[in-house]
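Enquirer: Following the hints, put chains B, C, D and E in place on chain A, whose structure we already have.
Protein chains in written order, with my numbering: chain A, 1257 to 1557; chain B, 23 to 501; chain C, 39 to 150; chain D, 224 to 430; chain E, 150 to 757.
These are calculated hints, taken from the structure and not from any lab test.
There could be a bad hint or two in this list.
Claimed, not checked - Calculated from the model, a selection of chain E residues having no Cβ within reach of chain B, i.e. all distances over 10 Å: (1) P214; (2) T317; (3) P397; (4) P412; (5) D438; (6) T628; (7) L634; (8) F656; (9) M675; (10) A698; (11) E755.
Said to hold, decoys possible - Below are the DSS-like pairs computed for lysine-lysine, each with C-alpha atoms no more than 30 Å apart in a straight line: (12) K157(B) <-> K295(B); (13) K110(B) <-> K133(C); (14) K133(C) <-> K41(B); (15) K110(B) <-> K157(B); (16) K449(B) <-> K173(E); (17) K402(D) <-> K173(E); (18) K321(D) <-> K671(E); (19) K111(B) <-> K157(B).
Where is the CB? At the ideal position from N, CA and C, for every residue including glycine.
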Amino acid sequence: MNALQSIGTGLGMALFGWLLQTTISGVTRKVIARIQKRRGPVWYQNFRDIMKLLNKRSVTHGWAFDFGLLVALAGAIGTAMFMPVAGIVAFKGFDNFFMIIYLAALGVFGRALSSGSSGNPLATIGVMRGLTQNIGYKVPYMLLVIALISYYRTSSISEIVELQRVSGWSVLVMPLGFVVAFISLHGMLGKKPFDTYLAPAEIASGPLVEYGGKQLGILMIAHELSVFIEVSLFVNLFLGGGATLPEFLLKYAFIYILSSSLGAVMGRFRIEQVVRFYYKVPIALTIVQILMLAVMRGGVR
Amino acid sequence: MQMNPVLTIALPLILAFTKIMYRRIANLFLVLGSLLNVLVVFFIKEGQYLMGGYAPPFGIVLQVDAYALYSLLVLNVLFAALTILVTKKAENLTSSSLIALAALNGLILTGDLFNLFVFLEIAAIAAIIIASSSKRYHHAFHYMVASIIGSTFYLLGLILLYKQYGTLNMAKMHELMLASPGGSSVAVILIFVGLAVEVKLMPFSGWVKGVLKNADEWIGPMIGAIYGGAMMIVMGRLFTDVFVVSPKVTLLLSILALVTLVGGEAAAYDSEKMREILLYSGVAQSGLEILLILNGYAALSFILILSNMMAKYVMFLLSGYIVNAAGTDVLGDLKGLFRSNPFLGFAFTAAGLSLAGLPLFVGFFIKLNILYNLMMSHSYWLPAIILITSLVEGIYMLRMILGLWQTGLEVQETGIQIISPSNIKTKYAVHAITLILSLAMVVFGLMPDYALDLAQKARGNAVADKPAMMIGMKGGPGQ
Amino acid sequence: MMELLSLSLLFLGMYGLITKHHVLKMIVSMNVMEIGLNLFITSLGYQESHLAPILSSKFPSSALNFVDPLPQSLVLTSIVIGVGTTAVALAFAKKIYMDYGTLDLEKIEGRL
Amino acid sequence: MPKKERPSRFHPVSHTMQTVEVPTEKISPQEQAEAWEKIAHYFRANSLWMLNYCTGCCAIELPLVMTSQYDMERLGMMPMATPRQADILLVTGYASLKTLRRLIYTYEQMGTPKYVVAFGPCAVNGGIYHDAYAVLNRLDLYLPVDLYIAGCMPKPEAVMNGFKRLIELIESGQATGWKDYERRFDWYKSNQLEAVGEVYIHDEFHE
Amino acid sequence: MNIIHLILGLFLAGIAAYGIGRLKPAAASWLTLAASWAALLILFLGGDTLAGGNAWGLLAFKMTPLGWFFSMTLLFVYSTNTFFNLSVPAAPTRQAAYPMLYLISLASTIGVFSAENWLALFIFWEIVLWSSTFMIGFGKPGRGSIIYFGMSLLGSFMMLFAILVMGTAYQTFEVKGALMAAAQSPGPALLVFLLMLFSAMVKLGITPFHIWMPEAYHEAPDHFAPVLAGGLSKLGAFTALMVTSFLPASTLMAQPWQVRGLPLLTYILLTVSAVSIVIGTLMAIKQEDAKKLLAYSSVANSGYIMIGMLMGTPMSVSGALVHLLAHALATTVTFMVMAAVARQTGTTRMDELGGLLHRMPITFLAFLTAILSLVGLPPMLGFVSKWLILQSLASQGLFLVAAAAIFGSIGSLLYAFRILSTVFLGQLKPKHRQVREAPAVLLIPLLLLSGVTLVLGIYPYGLVQYTAKIENSLGFADTVQITGLSIQGNNGNLNALLIMGAFAIGFLIALGIFLKAPKSRKVDLMDTYTGGEFIYSPELYSYSTNFFAPLERVYAGLPEISRLYEALANRVRDLGTLVQYLFFSPLPSRTALLISVVTILLIWGEAI
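Extracted from the complex, chain A is given alone in its bound form (with noise of 0.2 Å):
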């Protein structure tokens, strides 16, 4: 069965995807531990952190605090089923940006829906820093690529990840642009310094203060997932994706590590710091890069 098959392919993109990063994660902190000079934890760290998360008795502050979750999970694993990796796609021809997008929004909506349910307003400021970060990142990202699309009139990635091995990389199409996305890639991973929605000195870890457990457990993993979309979003939007697994787990390393490194050296912008720069710089320098484009080449075909 064809459809068999693609889920199939689906289900173990998620899996793949999900592995690859809690293992990138774990060496990522043993990257950033090396950094702080530190010997940190071991590179499968993060698998016994979820492990033991799912096998700890926590509370739940009702039916929508779990079902948040578990919306979020979906939406996430969702998600991740129609991400093309080095050639592989699971549902041809429908891994459209628009979708990947709004799906792993739909995981976000969950994760808000959850915390707000919790009763902590900690839970709600969190949220609400999320957000108000989000437009500032979200706006210039999707602009970008909806650049992208114009330019290469497609907005499946597969596509646009073939066309890119044909043209060159979309980085030398708009190297400001790649610029922006990294920032805003920054961002959606919540490293520091836009950490602020998080914050546990401040807001006690804004979203997740209430989470214990298995709750806690489920939201890594969604998280571990979430990321992978990203990260591979931008390595097959902006770095031409990956030929083979290899070429693309180098590309995927090296952007989380980088992205998490920069994270370490760094300090927490307060939120109006970050509502200054997001709304201001990522922004005015899209313009620019989509004006250049526009200059340059005629405008986006």
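Expert: Frame of chain A; chains B, C, D and E shown alone:
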């Protein structure tokens, strides 16, 4: 059976003077007289009626055409209805009311310019006496000064015309003016100003505020609706059937009318009191009517005058009752008034919406046809101005109506009964009359063709009439 | 000449109406205005060396050497009406005085 | 699990707790569950998230333990922001009337399994503050302490050593203070009540 | 049965409802329910081939696919909302007129959508306007109904002007014919196009004309706001779509200025719609009242509809139509939920609510569905439409507009979360401890509407197919394509069923993990992390006022457009005061002066 139209003038006059002998049944005289008049109007046939046996250019003649007849009918019916409703108020004014009726009928019927002046003066004096029944004599005095200046101007203009053309008969005058149009403009302007004082055109209408802002259910409909309508009909008669106005004068006077339209609507928008809103909107409407008359849309202006008269009549009547019951006409204090008087509220609403020109009411089709015809002949700016003023009018009209229906959360229903329950007879009469009038507006709003046809027929042969293309429910041109 | 004189009388009355706030003075002004108007009307009908329009044994036919009789009859009507309005105006003046204790309209308005 | 005899309130608990035997009964589903528990113990032991409740001066030693010199992250330990996420409650010093209430509140908000680590002598018997009017001398009357770390203050080496010991205890399934708290809930509650009165205070400042 | 019978029947039912309502208010509500559902059934069974008819010359009707689509949408909104009419507290205020106005406005909307003649359309349009104004008047006191009426009247008069221009210039009032004639011989066609579009924008609430929306929605009775928001604003889309498709700007503008293949005018209008999205979003984020927030979200969503229609490609028009339906359904549900909340708690202010999820779970679920659809997340219908619109934007390369659309899309997440979190999530206020779930009669429409949103979101193919049919009837050369289960976009395909499937698989996995892991302990809402502090006041332990403060600070200085209108109204007032002062002095001498001066001026003016 056929009756002489002079009866509509003579009958009230006779009753007015015989009444002095029967002071105790004065009311009966008034009611009977006005009802008799209605009856007489039904039996009048169109035609020319000579007075005293002299042929038209020399003797006085009564000109009964469809225009006069329909106006007469509406006027007398409204007047009779008013006398039935407010007999108590009119107790001491029986004579002047009957004289007013006679004078108004005369105004509409007469075919002689000087005779018209006489009726004008009589009507004005009667109106002033009616207006003075509110015991605010300095306002009545104001009215008097204005109307005397007006009639002086009228007479001055008239005599200048006479000097030039040597006749006072309308038909003859028209012929002569057509033959030699030059040089009569000053006289025409003077006559226009003289009548404009009565029809509340704006720079001349300083008296209106004093008289109508304190109007009760007797003065309001009388001065605000019936007098205004009758005077406007006279205006229509003079400026479409009689005078040949030069384009320059038409332009000048049209500007005046436009200023009235805009200024009146703005003033009404600024007001917070019910009667002030009504009186300013009446001023604005008269601007529109004069605009149409001057530019030769006789049929449209005719039907607009009649429908405005009816709507204003209902609204002034009810506002008078409201002030009686509530002691105030500040809109803010009257919230939710119609909740306890839904039928009167319905009548008021229908009249207001018709005045504002909303569909389902007759006012809409009239306004539609006005705009359509203006657009057919002019450029787009005049309809645009009319639409903008209509917008302002719609807003304040609905603000008023909604304010009267709507109860505040903190302000509970006023619970005021517009008509005191003890006065059952009045109650049913008011309900019946206002409801009939407002239903008429709805019916004509649904089937406007009949009314439009009648107006077309009445004014279609008017001399200055531009042939109007009427859009009714049957469909308009191009259908 | 006569026309201009009578017209100036009319304007005088008008001037009075515009400038005066006293009820009685305004009534007087109105009367002056009316008289001016009446004179004007009569003067329009007047023709040099024409006779009064009265049919008598001396002038038995309505020949053309009469002055125009119509303005004179108009003036008659006008005078009657003027008398009537003056009477009503005076009645108002009395009422106003009874109500407000003054005949100065400006003061009355100021009081309201 | 067999009901192990608990010492009375006058005997310190902590010493005996370290010698608890793992019961070995063989019923199939339970056995399966226990096998699973053993795996779970492994994960628990190697991913310890802690909430340091800095009641006293011993907390000053923790930064050293966390940062590059001793780097407790290599043991999988991390500081956490809220009790919901945490596994260990670090009581770094004496417990006073005011802090004990918060300690209990925080402890009860943690998900199970959870462990309490007490620092210094103050948690054992009040230490140098033993006669202060507001200091409660014995922590284990109110909360089940799984591990004491000696020293006033304990040196970072001692702290690291203690953590290692805790990991061993957890891995062998001996750190069962939380079960004890559940089992003898009434006993703990009565002690708490006796010491601080109402735990969840209702007064004008908190309503 | 033809359309005339339908409209006439509804009118008569309305009048009957008034009579019955005077005697027994509940019976009148049942009558509205029966009448509107019957109408829905008739229209549904009749389909878009339902016989038209000709009552009088002017009132001729003919059902078109477009009209049917709109009628069905509005009828569905109206008829589901009748359940809410049932719950109106009857006694204290005499609202016998309400069922009458309700049915009259319903009948008139059908009239608008099936009229063959612009004048008939206008007549019905105006009847809808004043009847709905009166219905708003039944709600809270305030200026909302007047602002609604004033703005709508402005729109109507612009439309009337355009109609009359068409009537005079092309000698026809026929809906399609007049526009076609304008397209054939552009004389005043540009004027017609702009005025028609402006009037539609007023109704839709596009930016410079949107000020009525928050006020009217806020003040409308809770049981009428759903219709107002979900139904009546869609009237504007109807005329706008007809104008843009029969009289496309591309044929009007022969001028050389083009932006990205679109005429400059279209581009400007697109930008206006984009501004509408941005302003609607920003203002929605700022509101403290739930109904006002939703109103501004309507402003933003109308921008999407307008953009879709203005771009005029098959996909964008299809997106606009689907978005219209999605927004109608979703916003109706949200306002209904607010009505239910207001009914149970007595307020719609967000800072007074919270935690209602635990008291009104079913309402919450319906609300969640709707809000997801508003935000445009799968698997709801709103996603399909936003996907279509964004696709067309991307393929046109309209970056400015696209930026606004994206901003609105992400911003909607903000206000959606705000309303969700402050009304349903967070701490339950002690005074709402006793609040119960809304009665079943209110839950029926909620579940019905949100169910349709969900089902159409998962299986939108029939709907999109129908929009293709509409496009055919509007004379589009090609239409949106569907092959099998995928909607073919310009640069990508959409398979809603597949997305739902992937999501469902993910959900099953998540559920598996969740169930396998140890069971959680249920704790009270106040048992949360407080930093060890003891807090017992749920009112204080919630975050709802000034929610997005850091963001709001960024645009605190944004000027409000309503000020412009206020200034305008004040100028009219000033003019009125001036007129009153100049021309209506109480002194007779002033009148005498005016008369003489103006007369002299007139004579002088005549002389020169």
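Enquirer: Please go over all the hints and tell whether each is borne out by the structure.
Expert: Now the hints, each set against the structure:
Look at P214(E): its CB is around 25 Å from the nearest CB on chain B, clear of 10 Å, so calling it non-interface holds up. The claim that T317(E) lies off the interface is violated: its Cβ sits roughly 5 Å from the closest Cβ of chain B, which falls inside the 10 Å cut-off. Even its closest Cβ contact with chain B, about 23 Å, leaves P397(E) beyond 10 Å, as expected for a residue assigned away from the interface. With a least beta-carbon separation of about 23 Å from chain B, P412(E) lies farther than 10 Å from that chain, consistent with its non-interface assignment.
Distance check on D438(E): its Cβ is at least 15 Å (rounded) from any Cβ of chain B, clearing the 10 Å threshold; non-interface status holds. Under the 10 Å C-beta cut-off, the non-interface status given to T628(E) relative to chain B holds; the minimum distance is some 32 Å. No Cβ of chain B approaches the Cβ of L634(E) within 10 Å, the least distance being about 47 Å, so the stated non-interface status holds. Residue-level check passed: F656(E) sits 46 Å from the nearest beta carbon of chain B, beyond 10 Å.
With a minimum CB-CB distance of about 33 Å to chain B, M675(E) clears the 10 Å threshold, and the non-interface call stands. No Cβ of chain B approaches the Cβ of A698(E) within 10 Å, the least distance being about 30 Å, so the stated non-interface status holds. A Cβ of chain B approaches the Cβ of E755(E) within 10 Å, the least distance being about 5 Å, so the stated non-interface status is violated. About 20 Å separates the Cα atoms of K157(B) and K295(B), which keeps this hinted pair within 30 Å; it holds.
In summary, the hint linking K110(B) to K133(C) is supported, as the alpha carbons are separated by about 22 Å, within the 30 Å threshold. Distance restraint check for K133(C) and K41(B): the Cα-Cα separation of roughly 25 Å lies within the 30 Å cut-off, and the hinted pair is therefore satisfied. A hinted pair counts as satisfied when its Cα atoms are at most 30 Å apart, and K110(B) with K157(B) qualifies at roughly 16 Å. Using a Cα cut-off of 30 Å, the hinted pair K449(B) and K173(E) holds, with the two alpha carbons roughly 25 Å apart.
About 66 Å separates the Cα atoms of K402(D) and K173(E), which puts this hinted pair outside 30 Å; it is violated. The suggested pairing of K321(D) with K671(E) holds, with an alpha-carbon distance near 28 Å, which does not exceed 30 Å. Taking the CA atoms of K111(B) and K157(B), the gap is near 12 Å; set against the 30 Å cutoff, the hint holds.
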